[in-house]
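Peer 1: Sequence:
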Amino acid sequence: MSDIDEKQLLLYAQIANLVNLILQWPEISINEIAENFSKLACNAHTICNSELRPLGTGLYPVISIINHSCLPNAVLVFEGRLAVVRAVQHVPKGAEVLISYIETAGSTMTRQKALKEQYLFTCTCPRCIKLGQFDDIQESAILEGYRCKDDGCSGFLLRDSDDKGFTCQQCGLVRSKEEIKKIASEVNILSKKTLALTSCGNHQEVVSTYKMIEKLQKKLYHPFSVNLMQTREKLIKILMELEDWKEALAYCQLTIPVYQRVYPQFHPLLGLQYYTCGKLEWFLGDTENAIKSMTEAVEILRITHGTNSPFMKELILKLEEAQAEASYKLSSKDE
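Take the sequence shown: its letter number 28 is residue 28 in UniProt numbering, and every next letter is one higher.
Capping the alpha-carbon separation at 27 Å, the derived lysine-lysine pairs in DSSO-like fashion look like this:
no.: 1; residue 1: Lys329; residue 2: Lys313
no.: 2; residue 1: Lys215; residue 2: Lys181
no.: 3; residue 1: Lys164; residue 2: Lys181
no.: 4; residue 1: Lys215; residue 2: Lys193
no.: 5; residue 1: Lys149; residue 2: Lys177
no.: 6; residue 1: Lys219; residue 2: Lys193
no.: 7; residue 1: Lys39; residue 2: Lys7
no.: 8; residue 1: Lys215; residue 2: Lys237
no.: 9; residue 1: Lys292; residue 2: Lys246
no.: 10; residue 1: Lys218; residue 2: Lys113
no.: 11; residue 1: Lys218; residue 2: Lys182
no.: 12; residue 1: Lys246; residue 2: Lys219
no.: 13; residue 1: Lys292; residue 2: Lys237
no.: 14; residue 1: Lys177; residue 2: Lys113
no.: 15; residue 1: Lys177; residue 2: Lys164
no.: 16; residue 1: Lys177; residue 2: Lys215
no.: 17; residue 1: Lys181; residue 2: Lys193
no.: 18; residue 1: Lys318; residue 2: Lys237
no.: 19; residue 1: Lys292; residue 2: Lys318
Just so you know, these hints were derived from the structure itself, not from any lab.
Taking the hints into account, I'd like the entire structure generated from these sequences.
Peer 2: Right under this line is the structure:
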């Protein structure tokens, strides 16, 4: 408990008091309740469905002893209530099995902050020990930094020594702090607007506002920016709810190169993104590209999800149906 910051301790104390008010047990210890909540936060797992959508929280004592790495050799997935750990690469005999506790698409500093806040430790995995080295600085600038003023340049920007702006490391062009602050401020105002619009259920306005945010973020961030990727993810979700399949596909296709950059080869989120693209392409009649996308999805998800789960059986069946449809179209043309 000594490692937990004041804000978190206060939250646990408030929860403990609430539990005490509800249960009204004379022998109950508020300190003990707060301590149990802190243990739960560190050791519980978010139970997700096969598409990694959260369903609830569970305690799995054996899995809780598996250590974290930002470059894991295994993944944790759920089949109903059953928690399954699957290797995503060869694990030599005697080597430690490692999973990731957090979202790994982010800079080392972002990952370290998330781990420290929830799990109270500093990661020393192969990715994190590079903190401060040039490769890590470059990766952080690409994932969370700004783009070059020249639209044709793919360089990343680093802060000037005089702290007046950011210089492109490829072409040397400088962006002023004022310009960046102005665009970032506009994005912030629009982001707050989306919260109000979402609570009102005004989905069309939400889409329009997110499109404005995406347009500004394209001017502000590097093309491989995690922030830009997350905005496009929100657009995909809302557009699919509105059944605007064509636009949803367009944004989904834009996210694939970023997913390939920020996630390892066999990461469930990359496989699921290919699957989403494939389903949208097939629905819109682009069977050829649907087969390509779903094949990519199968190659990844058979490793992360296994081949016997209902989810994987459904995916493989969809791929086979798309392949049969493509063969039928081809034979019809030949006739």
